[in-house]
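**Student:** This is what each chain is made of:
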Amino acid sequence: MSKPKFAMYWAASCGGCEIAVLNIHEKILDVDANFDVVFWPVAMDAKYKDVEAMEDGSILLTLWNGGIRNDENEHIAHLLRRKSKILVAFGSCACEGCIPGLANFSPIKEMVDTAFTTLTTDNPDNLRPQTSYTMPEGIITIPTLYPVLRTLDQVVDVDYYMPGCPPESHQIAAVIDLVVQVLQGKAELPPKGATIGAGNSTVCDECPRKRNVKTIKEFGRIQLMHADPELCLLEQGIPCNGPATRSGCNARCPSAGAQCIGCYGPAEGVVDYGARLISAFASVIDSNKPDEIDKILDGLVDPAGQFYRFNLAGSLLRSSKSAQKG
Amino acid sequence: MTEETKPFEPVIIGFTCNWCSYRAADMAGTARMKYAPNVRLIRLMCSGRLDPTFVFKAIAGGADAVLISGCHPGDCHYVEQNYKAMRRFQLMQRVLTQLGVEPGRLKLLWASAAEGQMFANEINKFVEEVRALGPLNWSQPGERVSTPIMEEVTA
Numbered sequence: 030m031s032k033p034k035f036a037m038y039w040a041a042s043c044g045g046c047e048i049a050v051l052n053i054h055e056k057i058l059d060v061d062a063n064f065d066v067v068f069w070p071v072a073m074d075a076k077y078k079d080v081e082a083m084e085d086g087s088i089l090l091t092l093w094n095g096g097i098r099n100d101e102n103e104h105i106a107h108l109l110r111r112k113s114k115i116l117v118a119f120g121s122c123a124c125e126g127c128i129p130g131l132a133n134f135s136p137i138k139e140m141v142d143t144a145f146t147t148l149t150t151d152n153p154d155n156l157r158p159q160t161s162y163t164m165p166e167g168i169i170t171i172p173t174l175y176p177v178l179r180t181l182d183q184v185v186d187v188d189y190y191m192p193g194c195p196p197e198s199h200q201i202a203a204v205i206d207l208v209v210q211v212l213q214g215k216a217e218l219p220p221k222g223a224t225i226g227a228g229n230s231t232v233c234d235e236c237p238r239k240r241n242v243k244t245i246k247e248f249g250r251i252q253l254m255h256a257d258p259e260l261c262l263l264e265q266g267i268p269c270n271g272p273a274t275r276s277g278c279n280a281r282c283p284s285a286g287a288q289c290i291g292c293y294g295p296a297e298g299v300v301d302y303g304a305r306l307i308s309a310f311a312s313v314i315d316s317n318k319p320d321e322i323d324k325i326l327d328g329l330v331d332p333a334g335q336f337y338r339f340n341l342a343g344s345l346l347r348s349s350k351s352a353q354k355g
Numbered sequence: 014m015t016e017e018t019k020p021f022e023p024v025i026i027g028f029t030c031n032w033c034s035y036r037a038a039d040m041a042g043t044a045r046m047k048y049a050p051n052v053r054l055i056r057l058m059c060s061g062r063l064d065p066t067f068v069f070k071a072i073a074g075g076a077d078a079v080l081i082s083g084c085h086p087g088d089c090h091y092v093e094q095n096y097k098a099m100r101r102f103q104l105m106q107r108v109l110t111q112l113g114v115e116p117g118r119l120k121l122l123w124a125s126a127a128e129g130q131m132f133a134n135e136i137n138k139f140v141e142e143v144r145a146l147g148p149l150n151w152s153q154p155g156e157r158v159s160t161p162i163m164e165e166v167t168a
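As given, the protein sequences belong to chains C and S, one line each in that order.
Every number in the numbering used here is 29 more than the matching position in the first sequence, counting from 1.
Every number in the numbering used here is 13 more than the matching position in the second sequence, counting from 1.
FYI, nobody ran anything at the bench for these hints, they're computed from the structure.
Mixed in with the good hints, there may be bad ones.
[As the list claims (entries may be wrong)] Derived pair list, reagent style DSS-like, types lysine-lysine, alpha-carbon separation capped at 30 Å:
id, chain 1, residue 1, chain 2, residue 2
1, S, Lys138, C, Lys354
2, S, Lys138, S, Lys47
3, S, Lys70, C, Lys354
4, C, Lys318, S, Lys70
5, C, Lys32, C, Lys78
6, C, Lys221, C, Lys34
[What the hints assert, rightly or not] Beyond 10 Å from chain C on every Cβ pair, some chain S residues (computed):
id, residue
7, Thr18
8, Asn31
9, Arg45
10, Arg53
11, Arg56
12, Met58
13, Asp88
14, His90
15, Lys97
16, Arg107
17, Leu112
18, Gly113
19, Leu119
20, Asn134
21, Glu135
22, Glu142
[As the list claims (entries may be wrong)] Which residues of chain C face chain S? A few of them, derived with a C-beta cut under 7 Å, are:
id, residue
23, Ile307
24, Val330
25, Pro332
26, Leu345
27, Ser351
Beta carbons: idealized from backbone N, C-alpha and C, even for Gly.
Bound-form chain C, shown alone (with noise of 0.2 Å):
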């Protein structure tokens, strides 16, 4: 009997989720096991022909990471999309934009201006990509971007969700584990749009600092200050993204001495991450003054980045007026 087939993708994305993959250690040796590995980009060679080729329905599960930036992702998208039974949105980028998603505040003038005319770029000759150009032996292209990022769910079906940039190994594994027992009959697969590989609480439920009554006077920067090693960062002034956050990570950067800053997308329930957290650093500012208010909100420098730095793309308004311009 043919083993089940699989497949990893990547749009828009960093290749962290690769990498995670490949942190799980033996237990990749699991994959190779019990899956035949038809595409894989970054880790193997394959052509997009090969995979238009494949019947439809005939992968078993295809991993996505990336968001939707180019007319190159959507077409892979509805091609994966068509030939897996199974599709997961991996990791932050499918699931809600991440890091990419964060250009939904620019227009994309500005967004290609940045990548190729600031410091860090050498281009005397200020050039931009052609979309397509003429050689000697041919047309040659280039992917479309679009104005804005989308999630994988923006654009096509998606089965199930795995939050976290990148999703923890200790997650991916068990998740892997899940997949295989499923295979063997042992387990059933969880409902249709669920989120898998993580926790149906909030980072702060997991969070082993502690916790008294919440009244902020002056919000700070984590590396301006000494905090407190056991204390709730939020109770410090420091913004802390836990309380919006699914749970799922063991509460990592908390218990390292570093804010949360959502990595794992919102807590079951919550339908817009950021309006969740505007509602929770406003609960607990202590002052009913106006002015005063807005003086300890001075604090928060970029709250819509901090409040929707993994989750712009996926959130309600999903991008600025200027982004949606173009």
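Given the coordinates of chain C, work out where chain S should sit on it, guided by the hints.
**Tutor:** Same frame as chain C, now just chain S:
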């Protein structure tokens, strides 16, 4: 009149609290005060119940502006929840500004149950302010976003 020549009529979603501001609106109604019909009021038990999600959802769903209304400071039926609404309002203003929504599209209005006339006047004023700002037209899911525009950038 065709769609093109009709004056712009803003769609405003208004959140009122059960104890003061909704009663102010009720009073304006029973006293037959006339005011602009552009605000669709939604009654909450308290302005402190206002989840910022409601505001973002209204905007994403096509509203041109949002009104948040509650009891005057010190008068909240639930002691201090209107202060919470105020803090959320101020933080929301900042976030929405970064997203390109003009601050004038989000208004906080305190109104007691006796202030029907004031409530009606403030709504009239707000509708005119939003009319001056023009339609917000927040992109709907899937709309516009798949138009490749790299050509314009490279040109």
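**Student:** Could you run down the list of hints and mark each one as holding or not?
**Tutor:** We went through each hint and held it up to the structure:
1. S:Lys138 - C:Lys354: 29 Å, holds
2. S:Lys138 - S:Lys47: OK: lysine 138 (chain S) and lysine 47 (chain S) at ~13 Å, within 30 Å.
3. S:Lys70 - C:Lys354: 20 Å, holds
4. C:Lys318 - S:Lys70: 28 Å, holds
5. C:Lys32 - C:Lys78: 21 Å, holds
6. C:Lys221 - C:Lys34: With a Cα-Cα distance of about 20 Å, the restraint between lysine 221 (chain C) and lysine 34 (chain C) holds, given a limit of 30 Å.
7. Thr18: The claim holds: threonine 18 (chain S) sits with its nearest Cβ about 24 Å from chain C, beyond 10 Å.
8. Asn31: Holds, since 20 Å exceeds 10 Å.
9. Arg45: Check passes; 34 Å lies beyond 10 Å.
10. Arg53: At roughly 18 Å from the nearest Cβ of chain C, arginine 53 (chain S) sits farther out than 10 Å, so the non-interface label holds.
11. Arg56: 19 Å, holds
12. Met58: It holds; methionine 58 (chain S) is separated from chain C by about 16 Å at its closest Cβ, greater than 10 Å.
13. Asp88: About 13 Å separates aspartate 88 (chain S) from the closest Cβ of chain C, which puts it past 10 Å; holds.
14. His90: 16 Å, holds
15. Lys97: The claim breaks: lysine 97 (chain S) does not keep its Cβ more than 10 Å from every Cβ of chain C (closest is about 6 Å).
16. Arg107: Nearest chain C Cβ is 5 Å from arginine 107 (chain S), so the label is violated.
17. Leu112: 5 Å, violated
18. Gly113: Glycine 113 (chain S) not clear of chain C: closest Cβ-Cβ about 3 Å, inside 10 Å.
19. Leu119: It holds; leucine 119 (chain S) is separated from chain C by about 12 Å at its closest Cβ, greater than 10 Å.
20. Asn134: Asparagine 134 (chain S) clear of chain C: closest Cβ-Cβ about 22 Å, beyond 10 Å.
21. Glu135: Consistent with the label, glutamate 135 (chain S) stays out of reach of chain C, its closest Cβ about 17 Å off (over 10 Å).
22. Glu142: 18 Å, holds
23. Ile307: 4 Å, holds
24. Val330: Violated, about 11 Å.
25. Pro332: With Cβ-Cβ at 5 Å, under 7 Å, it holds.
26. Leu345: 4 Å, holds
27. Ser351: 5 Å, holds
When the structure is compared with the earlier hints, violations turn up for hints 15, 16, 17, 18 and 24 and for no others.
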